[in-house]
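Chemist: Going by my numbering, the sequence shown opens with residue 429, and the numbers climb by one from there.
Hints are computed from structural coordinates only; laboratory data are not their basis.
Any given hint could be a false lead.
Heads up, simulated SDA-like pairs for lysine to any residue below, C-alpha to C-alpha not over 25 angstroms straight-line [stated by the list, open to error]:
id, residue 1, residue 2
1, Lys612, Lys663
2, Lys582, Pro516
3, Lys430, His444
4, Lys430, Thr546
5, Lys655, Phe633
6, Lys582, Tyr671
7, Lys554, Glu518
8, Lys655, Asp494
9, Lys554, Leu519
10, Lys430, Asn657
11, Lys582, Thr486
12, Lys430, Asn603
13, Lys669, Thr487
14, Lys554, Ala517
15, Lys457, Glu656
16, Lys584, Asp494
17, Lys612, Thr546
18, Lys538, Cys506
19, Lys582, Asp494
20, Lys538, Ser442
21, Lys612, Glu656
22, Lys676, Thr486
23, Lys578, Met508
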Amino acid sequence: MKLIADLHMHTIVSHHAFNTITEMAQRAKSLGLYAIAVTEHGPAMPDSPHPWYFYGLTTLPDRIEDVWLLKGVEANVCDMDGTLDFTPAELERSALDWVIASIHSDVIPKRMTQDEATELWLRVAKNPYVDCIGHSESQAFRYDYDAVTKEFAKQKKIVEINANSAVVRPGNEKNMRELALACKRSGTKIAVNSDAHSIYRLAQFDTVLPMLQEIGFPQELIVNATKENLLAALKERGKQKAYRMEGKTEK
429 MKLIADLHMH
439 TIVSHHAFNT
449 ITEMAQRAKS
459 LGLYAIAVTE
469 HGPAMPDSPH
479 PWYFYGLTTL
489 PDRIEDVWLL
499 KGVEANVCDM
509 DGTLDFTPAE
519 LERSALDWVI
529 ASIHSDVIPK
539 RMTQDEATEL
549 WLRVAKNPYV
559 DCIGHSESQA
569 FRYDYDAVTK
579 EFAKQKKIVE
589 INANSAVVRP
599 GNEKNMRELA
609 LACKRSGTKI
619 AVNSDAHSIY
629 RLAQFDTVLP
639 MLQEIGFPQE
649 LIVNATKENL
659 LAALKERGKQ
669 KAYRMEGKTE
679 K
């Protein structure tokens with residue numbers, strides 16, 4: 429399987445990464461990618477950019493180096509109620525193409541019971557601005573995969589299978605597999621992402637693709653497997669850029 433987009437990455441704006449947006453786009457072009465999503469951390473993370481950065485993203489072109497650029501954020505889940513570090517008004521104003529919601533131990537340091545984590549993600553699922561659920565396989569925040577992925581499917585959320593988790597969150601491979609199987613059972617769409625922090629990790633999916641192939645995960649549920657899948661998922665999420673990407677007038 430050759431994926432056509434990488435929908436989670438960081439640049440030097442997040443300080444702990446190493447390349448610019450232009451450099452990431454140049455690398456994406458050399459790899460033959462159709463699209464990338466730039467997703468810096470939200471303001472609850474210590475090295476996140478100023479909120480103005482996210483508003484300024486709209487001034488960038490739709491394509492850089494002939495690669496479509498989805499302008500996004502990796503927002504932080506900040507409490508047990510599923511509150512994000514961007515208010516609905518801020519997300520409305522920024523009009524981002526791609527909003528990932530993730531739990532980071534820098535923001536929520538406590539371990540959760542499975543019931544607590546399940547309730548948290550069920551609340552996040554109801555947030556209309558969230559497009560994708562980021563690296564949610566950690567044992568520290570283990571949830572009821574079957575119950576929650578059914579709700580994710582109902583709310584048209586996309587679950588991330590994060591190829592970088594094996595590097596920065598080792599030991600959760602079994603959970604990743606179980607999460608993918610739950611998505612397969614519930615018909616929940618997934619995005620296979622690198623979470624790259626440099627050009628050297630961009631589109632490196634080798635830690636998870638063999639697992640997805642082994643369990644026979646359907647290609648039609650992988651949003652970045654084909655251009656058609658990606659455009660359909662973006663339209664389903666109400667993203668106007670999808671129409672520009674296929675050369676049509678916005679709805």
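Chemist: Does the structure break any of the earlier hints, and which numbers would those be?
Modeler: 3, 4, 11, 16, 19
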